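As you go down the protein sequences, you meet chains G and U in turn. Residue numbers for the first sequence follow the working numbering, beginning at 1 and rising by one. Residue numbers for the second sequence follow the working numbering, beginning at 1 and rising by one.
Hint data in this document are derived by calculation from the structure and do not stem from the laboratory. Heads up, a few of these hints could be off.
Claimed, not checked - Partial pick of chain G residues on the chain U-facing surface, computed with a CB cut under 7 Å:
1) S162
2) R176
3) G179
4) T222
5) V225
6) G226
7) Y251
8) P255
As the list claims (entries may be wrong) - Just so you have them, the derived chain U footprint on chain G, three or more residues with Cβ under 8 Å:
9) 31-39
10) 163-173
11) 227-235
Stated by the list, open to error - Calculated from the model, a selection of chain G residues having no Cβ within reach of chain U, i.e. all distances over 10 Å:
12) L144
13) L159
14) L180
From a predicted model like this one, the values you see are computed outputs, not experimental measurements. Think of the CB as a built atom: it goes at the ideal place given N, C-alpha and C, for glycine as much as any other residue.
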Amino acid sequence: MISAFDLLTSDVIRYPLIIAVLIGLTAPVVGTFLVQKRLSLLGDGLGHVALTGVAAGWLVGAWISVSPHDLLAIPGALIASVLGALAIEYVREIGHTSRDVALAILFYGGIAGGVVIIQLAGGTSQNLMGYLFGSLSTVTATDLTIALVLAVVVLAVGLGLSGLLAAVTTDEEFARASGLPVRLVNVLIAVMAALTVTLSMRIVGALMVSALMIVPVAAAQTMVVGFGRTMRTAMAIAVLAALGGLLITVYVDLPPGGVIVLLSIGVYALGLISRAVLGSPRRRERPASGHSGEPAAEQPGPSTPGQRETQAAQRGVSSTARTPHHPA
Amino acid sequence: MTGAGAPVVEVAQARVSLGGTEVLHGIDLRIDPGEMVALLGANGSGKSTLLRTIVGVFPLDSGHARLFGSPVARSRSHDRLGYVPQDATDGGSIPATARETVATGLLGARTWRPRLRDPRVMRALESVGMAALADRPITRMSGGRRRRVMIARALVREPRFLVLDEPFSGVDLPTQEMIARLFRELSTQGTTILVVLHEIGPLSEDIDRAVVLDHGEVVHDGAVEDRPLLDPGHDHTHHATPIDECLGQELDHA
């Protein structure tokens, strides 16, 4: 039996645990912006492309006889997924191909490139299995370092510029009119997604990377309202799912990626059920009224600043007593 | 370049294409500081396209467009601009609250100070009568209320130039009056306003100048009362003639 002491001292367990926390923190940050942009499947597309990168890294490793064979797999995945991210933003920008077709091509090209190149490198598609579905046995100190660097970059950009990223993903037209660097932000988000894919691939697997970006965000949406709260709640859900899933696989021989994703989906399902039972998040707190029952304070009124403030004060008092609820 | 008296908007021979079809055929437009200008015309006449060109959303094929004296494409000229797009955005998939939505308007505004963010956001929401719903997701609002949040998002920038694409669509009459009063007040304080309207409506007394577009060309630029009008009694649907063609006929007679 593995004790808590082993968990904290054995690198074999400690490294994946740290990476799991990093994935839990970063994936929902990127995921929030992807969901907002209605680009939920971008992470999936990049996961497939990363597989080509893994195989290409393997091929280069075989050429220059590095040891172990897959030393360059993760750097390869990083390069391929960043290139894939830039390609998809380019296609989106020039607009010749619809976005979902471009994503589909990324999916197929990525997986086909992966199986062909791994064969060229003298391996078989079996060698790709660990990267497809994730595993614990292969995590090294180098992986941990790479994951740490990627996570810091993604979190610094994603949280530090969250206002800018939220503005652009919410309304591109308004962002352009406000003089915000829309193209740069779109590229930034795509590259952040690529970094997160690379960071998550070892443990969660290329096929399930995107799930940790999207499912916690979907789960959070069943519980809270608002952009910022959704992101923070999704981060908490993803960290718990990643840690919980990993701890389960320490004791039970199961693929960590699958367990983590199933746990996240479990939280989403619980959120849906509780919403069905208890109603929408914060529904009862919110003052609300239909068009017919427009609150008096919303009627046209004097609009000099002083008068406006008085109105607002009155509004604050009356808002608690406002009925009936009527979702617009 | 941006001294007093310099035009806020200067569009010359602007040609703009959408999806390979030319929509604006050489537009000239000048708006001076403090003016309130209405942009009128039938559906498909190019009003929104012109507006989007002026705010830098659509690129020009040829000609030029300047904001406060600098080319629209340069972001420097956007910090004094407040824009209310035509389609009340659904705000993406994540239901951002009215407060969060309005806060995005502060980005890129020259007056932005993090410390003053919340009071300014709330003041903007108050001015459109939406303060009580600040924490409600805009996805759960009626079209008219969402429109008011979008107006607040533009106002929070404390713009010197306000560009509005049908700000009254879906907004009930009392609220239209309230918003019109707000625009009037801003205009008195020197804010330049360009507004696309279907009907002059509650702003009829305040508009300095009407610019009428037809098939992507300016067909009137002058006093509101001189604008080419469809006779209200003239039932163009009876003749199955598209409204923009009717507008063209009226112009021939004028």
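Okay, the hints, checked on the actual structure:
A cut of 7 Å between beta carbons decides the hint on G/S162: the least distance to chain U is about 11 Å, and the hint is violated. Because the beta carbon of G/R176 sits about 5 Å from the nearest beta carbon in chain U, less than 7 Å, this interface hint is met. Proximity of G/G179 to chain U holds as hinted, the smallest CB-CB distance being about 3 Å (cut-off 7 Å). The interface hint given for G/T222 is broken, as the beta carbon of that residue sits about 11 Å from the closest beta carbon of chain U, more than 7 Å.
Evaluation of the G/V225 hint against chain U yields a held restraint, the C-beta minimum of about 5 Å falling below 7 Å. Restraint check, G/G226 versus chain U: the minimum CB separation of about 5 Å is within 7 Å; hint holds. Checking G/Y251 against chain U: minimum C-beta separation of about 36 Å lies over 7 Å; hint violated. For G/P255, the interface hint is violated, since its Cβ never comes within 7 Å of a Cβ in chain U; the closest pair sits about 29 Å apart.
Note: the segment 31-39 of chain G has 5 residues with beta-carbon separation from chain U under 8 Å; the three-residue rule is met and the coverage holds. For the segment 163-173 of chain G, the stated coverage by chain U holds: 8 residues have a C-beta nearer than 8 Å to a C-beta of that chain, and at least 3 were required. For the segment 227-235 of chain G, the stated coverage by chain U holds: 3 residues have a C-beta nearer than 8 Å to a C-beta of that chain, and at least 3 were required. No beta-carbon of chain U is positioned within 10 Å of the beta-carbon of G/L144; the least distance is around 32 Å.
With a least CB separation of 15 Å from chain U, G/L159 remains clear of the 10 Å interface cut-off, as annotated. The non-interface label for G/L180 is inconsistent with chain U: the shortest C-beta to C-beta separation is roughly 5 Å, within 10 Å.
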